[in-house]
Each structure stands twice: as C-alpha cells, then as structure tokens.
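**Q** Please take these sequences and the hints and turn them into a complete structure.
For the record, the sequence lines run as chains A and B. When we follow the working numbering, the leftmost residue of the first sequence carries the number 1, and every step to the right adds one. When we follow the working numbering, the leftmost residue of the second sequence carries the number 1, and every step to the right adds one.
The hints are simulated quantities; they were obtained by calculation from the structure and are not laboratory data. Each hint should be verified, as a subset may be incorrect.
To be verified - Partner residues aside, some chain A positions facing chain B, computed with beta carbon under 7 Å:
| no. | residue |
| --- | --- |
| 1 | I17 |
| 2 | W25 |
| 3 | H81 |
Using N, Cα and C, we set each Cβ at its ideal position, and we do this for glycine too.
Next come the chains, spelled out residue by residue.
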Amino acid sequence: MSLPPLLVQTAGSLAAILALPGLAWWLKLGGAPLLADEAALQSAASEVADGFEVCDFALSRDCTAALVRDSQGRIMIIRRHGNRFAGRILGTGACASVTDAGLSVDCGERRFGPVHLDLDEPQAWAEAINRLSEGLDA
Amino acid sequence: MPEFNPVQYAVPLFVIAVLAEMIWAKFRAPQAYEPKDTLVSLLFGLGSTVAGALLGGFAVWAFFAAYEFRVFDMGPEWWAVWWAWPVCFILDDLKYYWVHRAGHRIRWMWAAHVNHHSSQHYNLSTALRQTWTGPLTFGFLFAVPLVLLGFHPVMIAICGGFNLIYQFWIHTEAIKRMPRWFEAVMNTPSHHRVHHATNPRYLDRNYAGVFIVWDKLFGTFTPEVDDEPIRYGIVKQLGSFNLLWAVFHEWVGMISDILRAPWRHKLSYLLREPGWSHDGSRETSDMIRARWEQRTGRGAALQNSVADQNRIAGAQEAA
Chain A
1 MSLPPLLVQT AGSLAAILAL PGLAWWLKLG GAPLLADEAA LQSAASEVAD
51 GFEVCDFALS RDCTAALVRD SQGRIMIIRR HGNRFAGRIL GTGACASVTD
101 AGLSVDCGER RFGPVHLDLD EPQAWAEAIN RLSEGLDA
Chain B
1 MPEFNPVQYA VPLFVIAVLA EMIWAKFRAP QAYEPKDTLV SLLFGLGSTV
51 AGALLGGFAV WAFFAAYEFR VFDMGPEWWA VWWAWPVCFI LDDLKYYWVH
101 RAGHRIRWMW AAHVNHHSSQ HYNLSTALRQ TWTGPLTFGF LFAVPLVLLG
151 FHPVMIAICG GFNLIYQFWI HTEAIKRMPR WFEAVMNTPS HHRVHHATNP
201 RYLDRNYAGV FIVWDKLFGT FTPEVDDEPI RYGIVKQLGS FNLLWAVFHE
251 WVGMISDILR APWRHKLSYL LREPGWSHDG SRETSDMIRA RWEQRTGRGA
301 ALQNSVADQN RIAGAQEAA
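**A** Written as structure tokens, this is what we have:
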C-alpha cells in the first residue's frame, strides 16, 4: 500500500513541527523579560504606540504588566506576551475592576484578554479606566 | 513535462537550518526564539501547504486557460529552452515584488499576508509562517502576464519555488551583513529585517524577494541602520498565540469594518491600505511615518540627504 505523497509530507512536517518547539523549550530559549524599570516601560510603550511618552505608571508587583499614562491622558495597558510585550491604548470599550489580587483590566478585545495587575492602590486607575467608557477624560 | 516541486525537497533542509539557528540562539541570543511562537509559525507553514493543495485549484485552472492565449510559443518541449529559465526567474521575482507590495498596500491582500508578519520574532521559523488564505485573494493574477508571454505555468511554479527557498535563509538575525556587492544586488537578512520591522522609519519598505534592485528601482528601499533596535511584528501586535485567531484576525477585522461602514466607504475598506478609515480614527503606515518624521525631525534630514545624493541642479537654482 502506498500513501499519498501529500499525506506523507504532512505527517513528516507534523513530526518536525512538534519536535522543533520542543527543542526550543528544552534549550530554554525564550526567557521571561520583566518591566524592571521606567526605561523598560518607556521602551515597551513606544513599541505599542510610537511617540507615547510615559508620564505616570503603575507597575504590577511581578513586573509582567503595567498601566502607563501620557501627558494627553491616554492610558495604555502593557503585558508580557511570550518573551515580548504587547499592549493597547485603552478606549471606550475598556473597563477595570478592583479584585482581591489588585486590578483586572479588560481592553475590550476578547482575544487580547483581561490583564491582572497586583497593585497597591488600584482604585484610582480603575476609576480612570472606567471613565473612558463614559466618554470622559481619564 | 517535468513534475518537480523544489520546495518539497527543501523541507528537510529547512528543518536542519532551524535546528542550527536554535543552537546559535542558545549561545548568542536565547531571546530570538519563543517556543510557543515557533509552534504557531510552523503550524502556519503546515496549514499553508494543505490550504494551497485544497484551494489552489482555481489559480492552476486560470493559468492553464490563460496559457492557451500565449503570445510567444516555446514549443511542446518548453522545458528544454534553457534561456527561458533565468528570464522566467527574473520576471517572476519582479512579479513577486509587485504582488508583495500589493500584499502590504491593499487590505484584502494584507488580510492574507499579515500572517507572515504577525510574529514578534525574526528567525528561520518565521520564514515558514506562511498564509493559509492566499488563494482567497487575487494575488495569482499578477502571474498571468508571464503566462500570456508564453512561460509555461509549471516553469513559473518551479521558479516561484526556488524564489521561496531563497527567501528562507534571509529570515535571521544570525547574519549581520553580507559582502557589499551582495547587499547591493540581492535581498539579504539585513534588508529583510527592515521589511519585518514596525519601527516607523521601516514601515512598508523592502518588498523584494530575491533581488533588492526592484526596491531601489521603484523607490521603496530603506537600508538597516545600526543604532536603532528593530522591533518585529505588526503595528498592533496580536498579543495571542491562538493559531486560528492569528490566521483569520485581519479577515474578521476587515469584514466587520465593511459591514459597519457607510455604503460609499465599503469598497475602500477592501481595497485601500491597511489602517485607512473613513473617519480618520486609525493610522496608515504613511501616517505613522509622517508623525515620526515630524516628531523627530528625521523627515527633513532624510529629504536633505536624498537631495544631496541626487544633485540635479546647482546650489543656486531650483531643481
């Protein structure tokens, strides 16, 4: 019995596809960068929106997520994604709620998902974010 | 008629090269790889092969139909016309430049091509991050002029296969620069890093496949600068490793924009550049670059340098 070439190629490719990321994991490639200081925050914010100047921020205790604000009052959520960072400028679809663990921020995009920040004083940020959905200045 | 798919033979070499780059990364740049990102990129590659086999039939039919109307006839043994191969390869690369440029400047095409750019990493696995939805665009039409000229569809497919294989090795940070003569003519890791960058200065630049000369000819070339770290990916990073979302996110965005838009703007959401919006609420790559140039003063500096390099008129007279 001979198998169709496309099936053989697909099976071989599938084996390699599972093996290579496994090897990357085994070699400990990737790493887990942190938003360790203001410079790292500024760098991550600039990547999300070119020219975004951080003038105020709240950094999660584990340094994997942050809220930053610029002089125009725009609020951005940044979180670790793999070994890079991704973020969104929050708009009218965003909401935030204070939890036992700190603050939960939803940018309004289901696939981006909620971001949990372990903060000391999350209330002010929650109010500022929730005001966005009311169309008021943060 | 030859039945030969060069990409099929190259797959084992792709795997070995990714392995070698991972070992390089282990010692020099562990952050160059992220296992979850690698898995998604490789699944893109596998899915692309399957999608091409399932959905590519219409394009194949169109090519063979168009071949019946060819201007020049190379005869029944067209594969034996030796000079046709290099000519076809060069013209196919010119075609690649334009289909690739359209892939970045027309949202319908971008909806498919964005898949190749949505990784925030730049390594050899990124090269295999190929679209599943290319057959749902009109990209294949760019090859029709070659068919009408008389190049057999199989010859074009083989040349296209070698073009794809060439482009594999340039997806790496392991090679900084190639020799100057090579950088001048060929697409290289340095030139293609620019293409995958989201830094404003690099957006929508260096569309070349094999020969970088097309970008220089058509005004889209930008060299890599050494003093600015490159950020890879797309302007609005996905922030998700969900494969199906990565495949279809731009299609979902485009279709929902079309459905929501007023009637007179619907077609623009299909055919205008990514980021365009009828109410100006979003930014295109041109707008992002213009804002960056204004903010940094780089625009004036770049214009000055171009003027200096292309002296048509003397200092006293307007050019």
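**Q** Work down the list of hints and note, for each, if the structure agrees.
**A** We went through each hint and held it up to the structure:
For A:I17, the shortest C-beta to C-beta distance to chain B is roughly 4 Å, which falls under 7 Å, so the interface hint holds. Proximity of A:W25 to chain B holds as hinted, the smallest CB-CB distance being about 4 Å (cut-off 7 Å). Nearest Cβ of chain B to the Cβ of A:H81: about 5 Å, under the 7 Å cut. The hint holds.
In summary, the structure agrees with every hint in the numbered list given earlier.
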